[in-house]
Amino acid sequence: MPALRVNGRAFEVAAEADTPLLWVLRDTIGLTGTKYGCGAGLCGACTVHVDGVATRSCQVLLGSLKDANITTIEGLSADGSHPVQRAWIAAQVPQCGYCQSGMIMAAVALLRDKPRPNAADIAAAMTNICRCGTYPRVAQAIALAAAGTTGTTGATGATGMAGATGANKGGGR
Amino acid sequence: MSIGRDLDRRQLLSGAAAGIAGLLLPFSLEPSARAAIVSGTTGATSTTGAASATGTAGSEINAWLRIGTDESITILIGRSEMGQGVYTALPMLLAEELECDWRRVRVEAAPAAAAYRNLYVVKDMLTGGHADPAPGLAGEMRDWALSLAAGPFSQQVTGGSTSVRGGFEPLRRAGAQARHRLIAAAARNWGVSPAECLARAGLVHHEASGWSLSYGALAAAAADLPSPGSVVLKPPGAWRLLGTAVPRLDLPAKVTGEAIFGIDVRRPGMLFAAIMASPVFGGRVKSVDAAKVQSLPGVVAVVAIPDGVAVVADSTFRASRALAALPVVWDEGANAGLDTAQIFEGFRQALSEEGRIAERRGDAAAALAGAARQLTLDYELPFLAHATMEPMNCTAEVGPDGVDVWAPTQAQDGARAAAATAAGVSADRVRIHTTYLGGGFGRRAESDMVTQAVVIAKALGRPVQAIWSREEDMRHDFYRPGTVQRLRIGLDAAGLPVAWHHRIVCPSILDRIMAAATWLKPDQTSVEGAVGLPYDLRNLTVDYVKRNTPVPVGFWRSVGHSHTAFVTESAIDEVAAAGGRDPLALRRLLLRGNPRVRAVLDLAASEAGWGRPLPPGSGRGIALHVSFGSIVAEVAEVAVAADGTIRVPRVVCAIDCGTVIHPDIVVAQMQSGILFGLTAALAGEITLAKGRIEQGNFDDYPMLHLAESPQIAVHVIESGERPGGVGEPGTPPIAPALANAFYAATGKRIRRLPLMRAGGA
Ligand code: FES
Ligand code: FES
Chain A
1 MPALRVNGRA FEVAAEADTP LLWVLRDTIG LTGTKYGCGA GLCGACTVHV
51 DGVATRSCQV LLGSLKDANI TTIEGLSADG SHPVQRAWIA AQVPQCGYCQ
101 SGMIMAAVAL LRDKPRPNAA DIAAAMTNIC RCGTYPRVAQ AIALAAAGTT
151 GTTGATGATG MAGATGANKG GGR
Chain B
1 MSIGRDLDRR QLLSGAAAGI AGLLLPFSLE PSARAAIVSG TTGATSTTGA
51 ASATGTAGSE INAWLRIGTD ESITILIGRS EMGQGVYTAL PMLLAEELEC
101 DWRRVRVEAA PAAAAYRNLY VVKDMLTGGH ADPAPGLAGE MRDWALSLAA
151 GPFSQQVTGG STSVRGGFEP LRRAGAQARH RLIAAAARNW GVSPAECLAR
201 AGLVHHEASG WSLSYGALAA AAADLPSPGS VVLKPPGAWR LLGTAVPRLD
251 LPAKVTGEAI FGIDVRRPGM LFAAIMASPV FGGRVKSVDA AKVQSLPGVV
301 AVVAIPDGVA VVADSTFRAS RALAALPVVW DEGANAGLDT AQIFEGFRQA
351 LSEEGRIAER RGDAAAALAG AARQLTLDYE LPFLAHATME PMNCTAEVGP
401 DGVDVWAPTQ AQDGARAAAA TAAGVSADRV RIHTTYLGGG FGRRAESDMV
451 TQAVVIAKAL GRPVQAIWSR EEDMRHDFYR PGTVQRLRIG LDAAGLPVAW
501 HHRIVCPSIL DRIMAAATWL KPDQTSVEGA VGLPYDLRNL TVDYVKRNTP
551 VPVGFWRSVG HSHTAFVTES AIDEVAAAGG RDPLALRRLL LRGNPRVRAV
601 LDLAASEAGW GRPLPPGSGR GIALHVSFGS IVAEVAEVAV AADGTIRVPR
651 VVCAIDCGTV IHPDIVVAQM QSGILFGLTA ALAGEITLAK GRIEQGNFDD
701 YPMLHLAESP QIAVHVIESG ERPGGVGEPG TPPIAPALAN AFYAATGKRI
751 RRLPLMRAGG A
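Each protein sequence line maps, in turn, to chains A and B.
In terms of the numbering used here, the first sequence has 53 at position 53, counting the first letter as 1, and numbering is strictly consecutive.
In terms of the numbering used here, the second sequence has 666 at position 666, counting the first letter as 1, and numbering is strictly consecutive.
Among the hints, a few may not be true.
[Stated by the list, open to error] Computed footprint of chain A on chain B, listed as stretches where at least three residues anywhere in the stretch have a Cβ under 8 Å from a Cβ of chain A:
(1) 445-454
(2) 699-705
[Said to hold, decoys possible] Listed next, with one range per pair, are the computed distances between beta-carbon atoms:
(3) Leu614(B) - Ala147(A): 44 to 54 Å
(4) Val53(A) - Ala334(B): 46 to 56 Å
(5) Ala641(B) - Ala147(A): 30 to 40 Å
(6) Ala10(A) - Arg103(B): 52 to 62 Å
(7) Ala147(A) - Pro226(B): 51 to 61 Å
[Said to hold, decoys possible] A few chain A positions that, by computed beta-carbon distances, are all more than 10 Å from chain B:
(8) Arg5
(9) Gly37
(10) Ala68
(11) Thr149
No lab work stands behind these hints: they were computed from the structure.
Note that beta-carbon positions come from the ideal geometry of N, C-alpha and C, so glycine has one too.
Next comes chain A alone, as it looks inside the complex (with noise of 0.2 Å):
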């Protein structure tokens, strides 16, 4: 029985060895943060770490992955007090949410490669699909990240931040 390493646990996985780790995250062991969009490698909404890179779990056969140690948007934090976690509260940038978990673990490896990305850096590492086009508050949460500036848990205002762009014009009341 294949063993798994997911999230600093030990898994026995009575599943064939060309199962996408995907459905053994989701059907198996039951994480199901972890989401499919498209099982074709297309949009990223299944991004998990796999040695700590990011890597589309519906194109990763269970067979593959001998001692890899495999991390879960559910093993990113106990209570979501990652720092991207934060930032993305802060940024107030799920809709949906269905695409987040993946746009995360995305995020959560481009920084540890690169603590301070551009623009570039940001477009090039973030090709997963949000079809909520939450893509402008994505890019924001990354730069509030990197600066450390994530503010507390949850508590903190949307307007300042994802109101970047917004602006009241006018008077009703």
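Please arrange chain B with the ligands on chain A, whose structure you already have, making use of the hints.
The following block gives chain B with the ligands in isolation, referenced to the frame of chain A:
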């Protein structure tokens, strides 16, 4: 199908000369599936991640509110959270009047129930977007008559950018009524008059004595008190919560992976069903060789579903792998020869037919005949898929005490009806549990996936999650209708428009969904946005030629506006060019009598630096559109490289959505609507060949990525008028703004979308 690896999808589809006859082929009903299904750490129930922290104990104050003895404030929301922020904006409406402590507010998805029906969306549909009552007695009379007419069609549904518009009064009233009852309960307890008491931050105070009691302590008593009939709502100037950008309540669960979407639902003993419907619309399964897959690992059954077949196994991957290996022979039916070219040829021919009148001002025919010049402009827009990030899915359990359905649905009543029919029970035996939606955009107003899940769950007698591959999702959508439209515009000697005849040819959405709404008027979802233009056009006719095709059509973010705005706002630009006028100046001229609309246009133009020179190969385009009660203007900048590559570096957006409930959600929805519309305008196109949808995944139905996204600046005008919608109005103007910018950059006019095919590289 690529639930699994990047297999060659087309080969699989055509190769698996796929199908099924008979009802059910349960060759192996194995109650104790080999691998026990690991239930998620999340233990999904009826609630979503946002709600899971909430205790269930507490007093029901009304349909929207439960107050716990632990001071928890649970607000039940009958609209679906699909990214647009209703799990924050709607609770704010109630909480503002309730005077509770916002930090204690939790949201729970409401069940399907009459209290949550959306009368507003039907009224909006019947009136072509004018559901709000006008002030005065005449307005009230009209609203009363309209409510009477809309009543029978009203259902619990999220759509039409109606959540805040429709909830603005009822939810504030519910909060105010609850507050009155809490105060009454405290006053009775103290033996004082309610008038001497005051509610603030979850406490009722008696000023004179200094006594106070908490909502948690009062809830049970308040629940037994009658609701006051009428209440006075706070004036906007007294609002503390509304109009502020409080952090969204659903986001903490969405950055940790805890939020439960449809595909995350886990039930004890649950099986997974991979779905394949006939690749040709209207086709059916002729035969299926179930024996070929029954020995594959984890496979439990092959089940016939309407128009297709499902393989059920103990995991998603095992089910999908077996489905890919299943030999199916299809009866392709009458549509096996259908392709997009034929469909559009039919649309083009229909342009010469007289349409059903949707709007008439003055005499367009006479004005055209007398015009100094005529422009005849034909536009074509493709069918489009929704491509929500979460593919279609539904989980169902059919038991002796009824049917449970866990669904990322926009249509709780529709899902309930579909489940009842599929299970053969009455609707009151169906319980709908709404999960978070991984995108909706109108696709999840349909209940086809609910029918499938219930049919399979009933056949197997076990909970089943039916899940579609991305390809299945792309090929079995209810598409944004493809359309051909013609504008005949008469210009006077000064080049100003004196006649405007807009003819729309497209399939009808309401024919399938609510045919009665088209008895008195043509399908409003086909003509909305073309009717009621804000411009001073005195001789105007809009007519509609209906052309239904076998391609299913449905609501796609902004619905009819998504195509009509492209036509009207491209045409206004063409009028400007024909008369040698600046596009902004012409619009301003035609908006002389409409200062509220003109202010939005002006703000977008000035923020975009309209008129300031751009480098060669670049251009700016402007578009304005009124939809769902909001006015939006957008300016797009386009840069076309020597090799034809198109970039959109910047978009400036101005919106007047009346009274703003949550300013940051307005900004987010504008960003979202713009990127959604831009993706479609640049590259979105669904085509058919041999009766099949040709696109399958994000390689051939491409999405904008972060790298290609423009910088977007959003400017919100707080006009203080009635709230307008924000989920959809950002989408319609971007396609014409893009085409107009492309024209400014290249001199080439785009009359056919997507731009990448029609004009650029
Ligand atoms: S699901 Fe893996 S990249 Fe889309
Ligand atoms: S937040 Fe909805 S797909 Fe990204």
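A quick look at each hint next to the structure:
1. 445-454: violated (count 0)
2. 699-705: Since three or more residues must qualify, the claim that chain A covers the segment 699-705 of chain B holds, with 4 doing so at under 8 Å.
3. Leu614(B) - Ala147(A): 44 to 54 Å: violated, 31 Å
4. Val53(A) - Ala334(B): 46 to 56 Å: Taking Cβ atoms as reference, valine 53(A) and alanine 334(B) lie about 51 Å apart, which means the hint holds.
5. Ala641(B) - Ala147(A): 30 to 40 Å: Holds - the Cβ-Cβ distance for alanine 641(B) and alanine 147(A), about 33 Å, lies within 30 to 40 Å.
6. Ala10(A) - Arg103(B): 52 to 62 Å: violated, 39 Å
7. Ala147(A) - Pro226(B): 51 to 61 Å: holds, 56 Å
8. Arg5: holds, 17 Å
9. Gly37: Its Cβ does come within 10 Å of chain B, the nearest being 5 Å, so this is violated.
10. Ala68: holds, 18 Å
11. Thr149: The claim holds: threonine 149(A) sits with its nearest Cβ about 16 Å from chain B, beyond 10 Å.
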